[in-house]
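Use the sequences and the hints to build the structure in full.
These are the residues of each chain, in order.
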Amino acid sequence: EDQVTQSPEALRLQEGESSSLNCSYTVSGLRGLFWYRQDPGKGPEFLFTLYSAGEEKEKERLKATLTKKESFLHITAPKPEDSATYLCAVSSGGSYIPTFGRGTSLIVHP
Amino acid sequence: NAGVTQTPKFRVLKTGQSMTLLCAQDMNHEYMYWYRQDPGMGLRLIHYSVGEGTTAKGEVPDGYNVSRLKKQNFLLGLESAAPSQTSVYFCASSYAGPTDTQYFGPGTRLTVL
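Line by line, the protein sequences are chains A and B.
Going by the working numbering, the first residue of the first sequence is number 1, and it counts up by one from there.
Going by the working numbering, the first residue of the second sequence is number 111, and it counts up by one from there.
Hints are computed from structural coordinates only; laboratory data are not their basis.
Fair warning: this is a prediction, and the values are worked out from it, not measured in the lab.
C-beta atoms are modelled at their ideal positions from N, C-alpha and C, and glycine is treated no differently.
Watch out, some of these pointers could steer you wrong.
Distance condition first, Cα-Cα at most 30 Å in a straight line; then the derived DSS-like pairs of lysine-lysine [said to hold, decoys possible]:
1) A:K42 to B:K181
2) A:K42 to B:K167
3) A:K79 to A:K63
4) B:K124 to A:K42
5) A:K68 to B:K167
6) A:K59 to A:K79
7) B:K119 to B:K180
8) B:K181 to B:K167
9) A:K42 to B:K180
10) B:K167 to B:K180
11) A:K42 to A:K59
12) B:K167 to B:K119
13) A:K42 to B:K119
14) B:K167 to A:K69
From the derived model, a few chain A residues whose C-beta atoms are all more than 10 Å from chain B [stated by the list, open to error]:
15) S28
16) E55
17) T99
Spelled out as structure tokens, the structure:
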């Protein structure tokens, strides 16, 4: 059974204070690892897909990295508008059922 | 493009009542999904469809039924609502399967009394 654990559950940062969110996973045959951003009262919004260990992707202040056991979402010099819940999900083997983590709630104070 | 839309946005039901949630996408996507999101838990897949006329069970299918009569629409039905079905329901679609980007709708907040 696939498992996804995100840490920390909640993170408070000051504007400009860089940090990282963690997504640890246990799967049999990773097909893809996904990062989404979810604002309160809205649906998840796609950020990145990573397919193999060593892969990295960047978008503005966000950078996602992947190893064989975990993924990190690095946030460089965050701004208040980066405040949201960040979700990690994995797809594995021949399953059509992605497994989502519980998310990390990020608050960036001005 | 409107992307993925969901109807209704909010609904309150009494135990035993039935209802249908509608999901529509205008991106010509083959794959569509219904999830539920509960506090303290990750998104869980209820049912999904790999194309018009097809449906399959996800992780938590009990108490729900779905239909995909048209490629752009995916309906989620609750035949006899229970309080345990109080949740936020999200529809998503993707072009090429579960390893492809999923685009989510805005959600339907359902309360069952």
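Status of each hint after checking the structure:
no.	hint	in the structure
1	A:K42 to B:K181	24 Å, holds
2	A:K42 to B:K167	25 Å, holds
3	A:K79 to A:K63	15 Å, holds
4	B:K124 to A:K42	25 Å, holds
5	A:K68 to B:K167	29 Å, holds
6	A:K59 to A:K79	14 Å, holds
7	B:K119 to B:K180	21 Å, holds
8	B:K181 to B:K167	18 Å, holds
9	A:K42 to B:K180	25 Å, holds
10	B:K167 to B:K180	18 Å, holds
11	A:K42 to A:K59	21 Å, holds
12	B:K167 to B:K119	24 Å, holds
13	A:K42 to B:K119	11 Å, holds
14	B:K167 to A:K69	28 Å, holds
15	S28	15 Å, holds
16	E55	13 Å, holds
17	T99	7 Å, violated
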